[in-house]
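Participant: Listed below, chain by chain, are the residues.
Number of protein chains: 2
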Amino acid sequence: MAPPAAIEVQGDSDTTGIILPDPLLAPIPSNDILGRRKKADKAQWGTAAPCDTANFRLKNYEGKPKAKRWDHILTEEAKSRKGNSLKNAAKYLSKPGLITLGGGIPSSEHFPFEEISVKVPTIGHFSEEETRKTGVTLTAGKHDLAEGKSIYDISTAFNYGQGAGSAQLLRWVTEHTELVHDLQYEDWACTLNVGSTSGFEAALRMFTRPGDMILSEVYTFSAAVDCATPLGIRVVGIPMDGEGPLPSAMDDILTNWDVNTRGARKPRLLYTVPTGQNPTGCTQSFARRKALYKVCQKHDIYVIEDEPYYFLQMQPYTGPNSPDVPPPKTHQDFLKSLVPSYLSIDTDGRVMRLDSFSKVVSPGSRIGWVTASRQVVAAYAKASDLSTQNPSGISQLVFFKLLDEHWGHGGYLDWLVHIRMSYTRRRDTILAACERHLPHDIVSWIPPMAGMFHWLKVDYTKHPDYPAESVESIQERIFMGNIDHGVLLMPGSYFYANVEEKHEDLFFRATYAAAPAEKIEEAIRRFGESIRKEFRL
Amino acid sequence: MAPPAAIEVQGDSDTTGIILPDPLLAPIPSNDILGRRKKADKAQWGTAAPCDTANFRLKNYEGKPKAKRWDHILTEEAKSRKGNSLKNAAKYLSKPGLITLGGGIPSSEHFPFEEISVKVPTIGHFSEEETRKTGVTLTAGKHDLAEGKSIYDISTAFNYGQGAGSAQLLRWVTEHTELVHDLQYEDWACTLNVGSTSGFEAALRMFTRPGDMILSEVYTFSAAVDCATPLGIRVVGIPMDGEGPLPSAMDDILTNWDVNTRGARKPRLLYTVPTGQNPTGCTQSFARRKALYKVCQKHDIYVIEDEPYYFLQMQPYTGPNSPDVPPPKTHQDFLKSLVPSYLSIDTDGRVMRLDSFSKVVSPGSRIGWVTASRQVVAAYAKASDLSTQNPSGISQLVFFKLLDEHWGHGGYLDWLVHIRMSYTRRRDTILAACERHLPHDIVSWIPPMAGMFHWLKVDYTKHPDYPAESVESIQERIFMGNIDHGVLLMPGSYFYANVEEKHEDLFFRATYAAAPAEKIEEAIRRFGESIRKEFRL
Chain A
1 MAPPAAIEVQ GDSDTTGIIL PDPLLAPIPS NDILGRRKKA DKAQWGTAAP CDTANFRLKN
61 YEGKPKAKRW DHILTEEAKS RKGNSLKNAA KYLSKPGLIT LGGGIPSSEH FPFEEISVKV
121 PTIGHFSEEE TRKTGVTLTA GKHDLAEGKS IYDISTAFNY GQGAGSAQLL RWVTEHTELV
181 HDLQYEDWAC TLNVGSTSGF EAALRMFTRP GDMILSEVYT FSAAVDCATP LGIRVVGIPM
241 DGEGPLPSAM DDILTNWDVN TRGARKPRLL YTVPTGQNPT GCTQSFARRK ALYKVCQKHD
301 IYVIEDEPYY FLQMQPYTGP NSPDVPPPKT HQDFLKSLVP SYLSIDTDGR VMRLDSFSKV
361 VSPGSRIGWV TASRQVVAAY AKASDLSTQN PSGISQLVFF KLLDEHWGHG GYLDWLVHIR
421 MSYTRRRDTI LAACERHLPH DIVSWIPPMA GMFHWLKVDY TKHPDYPAES VESIQERIFM
481 GNIDHGVLLM PGSYFYANVE EKHEDLFFRA TYAAAPAEKI EEAIRRFGES IRKEFRL
Chain B
1 MAPPAAIEVQ GDSDTTGIIL PDPLLAPIPS NDILGRRKKA DKAQWGTAAP CDTANFRLKN
61 YEGKPKAKRW DHILTEEAKS RKGNSLKNAA KYLSKPGLIT LGGGIPSSEH FPFEEISVKV
121 PTIGHFSEEE TRKTGVTLTA GKHDLAEGKS IYDISTAFNY GQGAGSAQLL RWVTEHTELV
181 HDLQYEDWAC TLNVGSTSGF EAALRMFTRP GDMILSEVYT FSAAVDCATP LGIRVVGIPM
241 DGEGPLPSAM DDILTNWDVN TRGARKPRLL YTVPTGQNPT GCTQSFARRK ALYKVCQKHD
301 IYVIEDEPYY FLQMQPYTGP NSPDVPPPKT HQDFLKSLVP SYLSIDTDGR VMRLDSFSKV
361 VSPGSRIGWV TASRQVVAAY AKASDLSTQN PSGISQLVFF KLLDEHWGHG GYLDWLVHIR
421 MSYTRRRDTI LAACERHLPH DIVSWIPPMA GMFHWLKVDY TKHPDYPAES VESIQERIFM
481 GNIDHGVLLM PGSYFYANVE EKHEDLFFRA TYAAAPAEKI EEAIRRFGES IRKEFRL
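As you go down the protein sequences, you meet chains A and B in turn. So that you can map any letter, position 324 of the first sequence is 324 in our numbering, and since no number is skipped, the others follow by simple counting. So that you can map any letter, position 244 of the second sequence is 244 in our numbering, and since no number is skipped, the others follow by simple counting.
For reference, chain A alone in the conformation it holds in the complex (with noise of 0.2 Å):
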């Protein structure tokens, strides 16, 4: 995508210098995201100040259903959260001339931070050299909005915030969720988090109790199984095929609960990773995702939709020989590249989506956050109140300058399609590899359209101790035989959603996210080598 001309956009007095950088927003009512913001009330901008999201939207919702309420779902610990009670007082601060001597948060004076300022790239110009030449540096001062110079400065975003976060960032996050999610309800609302692992644990002990079942791919996210068992919880898998879990397995699995064998209550939680999950690489499709989510309303299940690598979906894979898919030519046809969310699909407010930056800006940041109905997201944002707090306010100004000030939302995904082109990259490198080193008798795979991970899947059955071997054992003999060729993949056993339950296959986890492409090249041809001797080929 050619950098786009940088336009200037008026609109939100409040917000001095920032540029709307990208004509071909134009076909989408997301053009001017920035030029179409409401007045907004200062004081939201202030230290530790509240704010709501609901006034950061910019859609027409009237005409559409509200969401469902969660009351019988939902735990009492989330049910009885009241957030912090010294807010009570909060609604005297607007008294005119009021001096209150109230909240017991320090005074900026003793903050010992005169400026911070971080070196970005420009549009257009993403690349790391690109950025050490052309990069710019964005600067937040001490007093910037007490003097005029930005919505955000550090004496607000280093002091006490709110769990939903900064108004500043909160904003951003609540209008990108609406340029890129085609919102079904009414009554919807985000609120920032210090990251999807910790969304996942709250939304566990938001709906959950100890010694339930919830729903999840029969392979799924290891740190998901680790996290739910402490708290006493475990998880069904639900079958899977290239598209994800079936919608058919699904139903009967909860068609055909049956509490003693099970020895949990029918479940009532659905935790999915739609789209270049973790560890299979599957993604979704938007008939698949339409049709598990009939099931979730059949059954009434609440789905916690995690998305780490929404934006890490890629160009189609043409095959080792055949020519590349050029980028996408404008903003909306990026958009339009990307399998609609279950956000998107949701007409009861059942979906409880978790976003992250992780993956695409810096998981140091420990920023992500959630949409859902307002009831959900208010008990969420209580529990974070007296808990995490907001997620630190150093990280929230960094991405509020990157973000809001100096990229704007076209300038972002402008940096998203940067992202998808490089993970396309690197998963073309790894599968011109497999395709190049592996024997495919024994190890076969279904490219990934997202995500980090690349799911490859050993023929068990022809190696030559098999029946008198187990899978399991052979699993841990390819597992040290790969470390004796010197390199290292994760075991498919590491993943099962349930240890309890019967696995008849053999997988290996292969990411390509995070090594060179040579290092790749020359691991896939390890680890054939490695199939080959345990294979005896």
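Hints are computed from structural coordinates only; laboratory data are not their basis.
Calculated pairs, PhoX-like style, for lysine-lysine (alpha carbon to alpha carbon, straight line, at most 25 Å):
| no. | chain 1 | residue 1 | chain 2 | residue 2 |
| --- | --- | --- | --- | --- |
| 1 | B | K502 | A | K82 |
| 2 | B | K119 | B | K149 |
| 3 | A | K64 | A | K294 |
| 4 | B | K533 | A | K95 |
| 5 | B | K133 | B | K119 |
| 6 | A | K533 | B | K91 |
| 7 | A | K119 | B | K133 |
| 8 | A | K95 | B | K519 |
| 9 | B | K119 | A | K119 |
| 10 | B | K59 | B | K336 |
| 11 | B | K64 | B | K290 |
| 12 | A | K519 | B | K91 |
| 13 | B | K533 | A | K91 |
| 14 | B | K457 | B | K502 |
| 15 | A | K519 | B | K95 |
| 16 | B | K519 | A | K42 |
| 17 | A | K59 | A | K336 |
| 18 | B | K298 | B | K64 |
| 19 | A | K457 | B | K87 |
| 20 | A | K519 | B | K42 |
Model the placement of chain B on the given structure of chain A, informed by the hints.
Facilitator: Same frame as chain A, but now just chain B:
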């Protein structure tokens, strides 16, 4: 304290350019912390690398007792935690030449950050005005670690991390803890967290189960109660005097605990804010701490020592017209002026200390740390791995640049003395205003020795409508009268440990942390007027 001369220190070849600024530290063993650092394993500085806090301790603990085990108090949730199961594969990563396609972490080439800088005060020139004039800019590059420029950089800090935090900052925090506290048992450890609010919630999940009661001051931090209530935890308030909770009262409560009357098993947890307590401003004397610790030993109570205000211990209050007490002359004098912590008394490893940067550096960083026995710290860090993960790497990198590479331990102590003197002036301002403007026969107080809060006792028995009107009703009338007069103070009832307990006093909490001096004076003047009107004086 005059700015000390800077001297270069050698010793840690991984850390370039570190300055140990302060010969004043000479009399205490911390005089050359940076120089005495052990030769560090370089692998621990890398992306998401594990580290062991034990490697960062510099004192010798041979001959000290081992911490007791807490298996009988830890919950099943805490005991069953295995951490992130994928880390089992990490042991193979040290094999020379191994290429890993294992870990699903992004490559730093995809982080759109080339440099991050902060402008901060030089040692001894700490005010905002001085920082503007003489502050220095600290810069972290993207690949400083690989380039040998620093042990911490953007490529590591902005990537995934460990629940315990980065080795770089955990080392500093461990050393600081050893410098400030005189630990009495062998196997203590530190782990970073996302702040003490999260730390307290994590502690409740580790040490209590729904239905439990815990002990705290009769007036306590309201957010602690707000956090505990949804978990099904109630608080028993221990009656206090000017030195904090009364040991005899605590012993009585526990000795005479009746499960049926209380509706809960005997408490196993004391939550206390020993220094500048919120809301009472009370600081427990050393003798009081030792006496309470003995009661904890007698009844096998585990202690959560929440100490955000530890370094807001101020100069002695000399009265409205006496000369100020000069600041501590040396770091040793400063450290000696601090009341010893529970951590320094604890021979059993029965204390989990929550430390925070919020009141002395910046709350927005969302970095705090926990000090406790290795068993408890390991359980805590495992829980973090699967919930909050590490504190923001952006925050950690900024703090590392400031605290480790720029100020060092001596410079940080100088900063803490600067904060101490500033809070002393603020405290003296509010006390002088109270002397001047409040009717002394109605409103009384004990000058706070630490913290942010001034706790004002109102003699409601002198109210013309008492006893016809209840204490609660008089409190509400004063609160609203204050608002009418343009000042907000927090009603004491907001801080009841347990609303069902009988409370026969009437207090208001005023903070001197936030407002400028002239506003504090005016606010107290208005409060005096409001009280006079309400009491018809």
